[in-house]
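Residue numbers (my numbering), protein chains in the order written: chain R, 1 to 265; chain L, 1 to 265.
A couple of the hints might just be wrong.
Pairs involving identical chains hold if they fit within one copy or between any two copies, as the list cannot separate such chains.
Stated by the list, open to error - 30 angstroms max Cα-Cα, derived DSSO-like pairs, lysine-lysine:
no., residue 1, residue 2
1, K131, K151
2, K236, K105
3, K62, K260
4, K130, K105
5, K260, K115
Honestly, the hints are just simulated from the structure, not real lab data. Remember, it's a predicted structure, so these values are computed and weren't measured experimentally.
Now for the letters of each chain:
Protein chains: 2
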Amino acid sequence: MSSTSTDTAFLAGVEVFFFDVIGTVLDWKGSVPKQLRVVVNVEAAVDWTRFVVEWRTAFWNKLEPLASEETVRPGAIDIIQREALDTLLSTPPWSHLGELWDDQKRQEAVTMWHKLNGWPDSSRALYALKKHAVISTLANGSVRQFVDIAKHADLPWDVVLTGELLGGYKPNPAIYHAALAHLSVTPAQCCMVAAHAYDVRAAGALGVRTVYVRRETEDQEAVEGQGRLCDSVRPKSEGGDVDLVVESLDELVRVVERVKGAAAA
Amino acid sequence: MSSTSTDTAFLAGVEVFFFDVIGTVLDWKGSVPKQLRVVVNVEAAVDWTRFVVEWRTAFWNKLEPLASEETVRPGAIDIIQREALDTLLSTPPWSHLGELWDDQKRQEAVTMWHKLNGWPDSSRALYALKKHAVISTLANGSVRQFVDIAKHADLPWDVVLTGELLGGYKPNPAIYHAALAHLSVTPAQCCMVAAHAYDVRAAGALGVRTVYVRRETEDQEAVEGQGRLCDSVRPKSEGGDVDLVVESLDELVRVVERVKGAAAA
């Protein structure tokens, strides 16, 4: 699919790109199983990818009810990750692993979410976008987590905004409003970039511009009659509800460079 | 003055450097008068340096009473700058300028505080320190202000923390505590770097490590019997109250590289 100038004109007015991080910029499903395999060092064959997918689901199930609350503790994300891990390790078919993991090993596993690898295009795309606009995280993590990841994956954020800094978790509208206020932008002057439909839809409902990125690990669940959720998300030009759909951050860079180049000419 | 290994051993345990920004990293007194001279374009001779010094004093007088309050608005710093400017322009000997400046010109002047130049060593020192530790702002500004400045002066912050993000202004102890919590560090694992005695003393009182930088524009007021305030600040090894005193950020980099190099060897 190639984006048309009608689709992309909104980008000329965008001063700030807000990025979701895990899944959108980072390949968690490729990163964590590899590290677990080495650190946990269990001889028996373990499907670490399945384990990590279930861990992430357990994490989300604990986080989601908190999104409507008004205050969060700094560092709470690591605590929620640990609680989700403990739940998983006490439940079949993983409880045999639970018997083998002491406190230190569990904390080491939580820290793996601070050392996720970027998708192949992430670092170079952020360096390119940074020349044209402010690039900021806007994600449900801790500040230290995203700072550690930025050093590990070479992500040159201009500013790191997180749910914990802004006082709550996405998709709570207050969080998007707080991010806009801190960057002194109107909704039309900024753009949420995410690989999750719930996130771009929550931002879009406030008038924020939206770019949806199809990533192979995200929004893979089936939607009745529409294939995978990631395929069902469509740009407004095709009757959908987001401003632009891209297959990679490289594609977003090409579009931004075309639009910003045209605006400067 | 050359720092000894006794003075500098504390740096081995430091994971995060928090920097004050305006005055410590940026030369406001060299930057704003130059821009004012061009933009305001008044034919009569005006002592713009004196004007900007008085503006900064008026700003501080408005900010200081707010430091003990618990909440601040995003973008409030720009509003306080504008109020301080309006006060100045309504008072002799500047009221003749006040008659010439419309709303647009006044807002343009406020925006000059988003385009301050770094000291000659600031950018290269931050790039060097970033290899050894997390580098963060911790200053009484707005997020947008520091993001604009970082792009203008090429300051590669890992994270931008401001009074407005953390809910108050330095030297309120709550702000330093919040910064520590978001970076998941103990007081001994981080270090406040500032050219203002009040700031390093407030951080030091909480157990945070402290580096005082002597800058030619900061802490110049006379202290009875001790010369200028900046000269009266001394390291603990000389009976003073900060961990280290440096004449430049270059000097801090040399010390950190020596300590971290020795720790790695």
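Here's how the hints hold up against the structure:
In this assembly of identical chains, the alpha carbons of K131 and K151 lie at most 30 angstroms apart whether taken from the same copy (19 angstroms) or from different copies (9 angstroms). Taking the closest pair of Cα atoms, K236 and K105 never come within 30 angstroms of each other, the shortest separation being 47 angstroms inside a single copy and 40 angstroms across copies. Taking CA atoms no more than 30 angstroms apart as the test, K62 paired with K260 passes in neither setting, with 41 angstroms inside one copy and 40 angstroms between copies. Proximity of K130 to K105 under the C-alpha cut-off of 30 angstroms is restricted to the inter-copy arrangement: shortest distance 29 angstroms between copies versus 38 angstroms within a copy.
For a Cα distance limit of 30 angstroms, the shortest separation of K260 from K115 across copies, 22 angstroms, qualifies, whereas the shortest one inside one copy, 33 angstroms, does not.
Against the hints set out earlier in the document, violations occur for numbers 2, 3.
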